[in-house]
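From first to last, the protein sequence lines stand for chains S and W.
For the first sequence, the working numbering begins at 1 and goes up steadily by one.
For the second sequence, the working numbering begins at 1 and goes up steadily by one.
If you're looking for bench data, these hints aren't it; they were derived computationally from the structure.
Small disclaimer: the values here were computed from a predicted structure and weren't measured.
Any given hint could turn out to be false.
Repeated chains share a single entry, so a pair holds when one copy, or any two copies, can fit it.
Here are the simulated SDA-like cross-link-like pairs (lysine to any residue), alpha carbons at most 25 Å apart as the crow flies [to be verified]:
(1) K155 to A199
(2) K232 to R55
(3) K40 to K282
(4) K145 to N129
(5) K238 to A258
(6) K139 to G289
(7) K40 to N226
(8) K155 to R213
(9) K147 to A106
(10) K238 to M253
Single-letter residue listing:
Protein chains: 2
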Amino acid sequence: MNVGFIGLGLMGRPLALHLAAAGHTLHLWARRPASLEPFKDVAAHAHTSAAEVARHSEVVITMVADAPDVRDVTLGDDGIAAGAKKGLIVVDMSTINPNAAREIGAALAAKGIEFLDAPVSGGQVGAINATLTIMVGGKPEVFEKVKPLFEKMGKSITLIGGSGAGQVAKACNQILTGVGILAVAEAFALAEKSGVDPARVREALLGGFAYSRILENHGQRMLDRNFKPGFKAWMHQKDLRIVMEEAHRMGLMLPSSAATAQLFNALVGSGLGEDDSIASLKLLEKLGGIE
Amino acid sequence: MNVGFIGLGLMGRPLALHLAAAGHTLHLWARRPASLEPFKDVAAHAHTSAAEVARHSEVVITMVADAPDVRDVTLGDDGIAAGAKKGLIVVDMSTINPNAAREIGAALAAKGIEFLDAPVSGGQVGAINATLTIMVGGKPEVFEKVKPLFEKMGKSITLIGGSGAGQVAKACNQILTGVGILAVAEAFALAEKSGVDPARVREALLGGFAYSRILENHGQRMLDRNFKPGFKAWMHQKDLRIVMEEAHRMGLMLPSSAATAQLFNALVGSGLGEDDSIASLKLLEKLGGIE
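Could you put together the complete structure from these sequences and hints?
Have a look at this one:
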C-alpha cells in the first residue's frame, strides 16, 4: 500500500519503519531533511509538501505535537486536503483535544476525505517494539481498512467509538496515569515524612486493592531515584491540559484531575518538565522539607 | 493462649472467631450484650470491663472505630492499662491517626505494656475469609510473638517499621484506593459526557500502564451500577481525614489526596455516605448533568 507518514519524530520514525518493513511504500514529507535520513534504505519517497504526500497515498498517517499542527498539516496551505484523491484516509495518531479531532474530521469529511483519530499509549519503547495501545475513533469500515497498518505498530488495538472517541480514551488514560503517578508520589512522601520506608509500604500494598501497574513500575523507579523519562512531565502536563479543556467545555467537575494538572504545572514551572512524570515525588519532597 | 478481644463489630467478630477456632481462649467485653451472642459455643469468657479482660490475657486486641475509642479502651477508666499484668501486649487493629497510635503506644510503654498498631485492609470479606492485609508498627520481638495470631486473621502480614508505621502504611493504602477510585470515576464521567462508552475505554486501558485492580474491580462495579458497599464512602472519608490531618501536622502538600478528601466530604454531605466509595461516579454524573 502507498502510505503517507508525516511527523517523523521519536514516535513517528519507528512506526513508519515498521510499515516499510511490512512491505508498504512510504511517502514522506518533513520540515527538517535530517528526519528523512533513517529512510534511505527502505522503499520511501520524499515529497515537497503534505499535499504531494497525499497525492501519492491511499492512507496518510500524522504523528505531530498538538492540535494546531494537525490542523495545519491536514487543512492548511499545501496540506493533505489540498492534494487528496477522493476516498483518502487520514489517520491522526497525535494526542490532541477530542473536540478538535472531531472538527478536523468533519472538515476533512466535507472534502470527501475519511478520518480516524488514533492516539497511542506505550511511549517510545512501545513504538520501537510495536507494542503500542492504539485507541481509535471513527467509522468501523474505515477502521477495518486501516487495521492491518495498526497491527504493525501496536498490540492492543480498539475501535472505541465514533470520531473523537480515540482521543477521549487517551484523555481517560492520561487521567488514570497522571493521577495514579501523583497518588503514588503522595503515598511515598507521606511515608518518608513519617520516617517510614516507602519500599516496605509499597511491598505490603502490592498484594491488595492498591495494586496498580504504576505502583509496581513507576513506584520502583521512584525508589531507585530514576527520574529519567520514560514520559516527560511537560508532555503529561499538555495531556492534562486537554483533559481540563474538555472538562471546562462540557461543564464537568474532575477534582483529582484538576489537582494533578496543577501539580504538573508546578513541575514544569519549577524546572522539572524534562524529567519523567514521577518527578512529582521530588517536588512533593522539596515542598515538604524532606531531605 | 489467653487472648482478649474488644470491638466485636463487623470486622472484629469474624477475627475473634478465627482465633477461637485456632484453639485460643477468648476474653471479651462489649458494651452491648448482643455482641457476645456469636461466642456462646466457643471457648470465650465475658468480663465486666476492659481492665478485667486485660487481667486474664497475654494479648489484648482492639478493633474499634477511631482514635478516641482506642484511647478510651486502653488508657481510660477501667481500661486495659488498669488491669494489665507487666508485659501484656496490646494490638490495635483499628484504623486511626498514626501520631495518635504512637502516643497511645508511648503511654502504654510507660506502664510496661507493649503495643502494636496493626490496621488491616481487605474489608469484611477479608476478615471473614482470613485474607486481610495486616500492616504492623512496633518492636520486631513483639511482632514475632503476635505473628501466629495475625496468621489466623490475614494472608499478607508485614512489619512496616516502628510504632505508628502500620497506621502510616494504612494511610498510604487509603490514598491509593481513595484517589484511585476517584480517578476511575473521573475517567468514566469524561467518557460518558463525551458520548463514549466507558466499558470500551476500560477494556482498552486494562492492557496498559493505566491498569489497576481498582480499574478492573471497582470499574466493573461502576459499569454494573452496583453501588452497594464494599467499603462505605463515610469510612473512606474518615480515613482521608486522617491523611489530611497528618499532612497538616507535618507540613506536607498532598494535592490529589486533598481534592479526593473534598469529594468524599461532598459524597457524605449529599447523602451518599452509606454507599460504596464508587458512588463518587454518581456524584460526578449529577454535577456534570449526565443522565
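* Of the hints stated earlier, which fail here? -> 2, 3, 6 and 7
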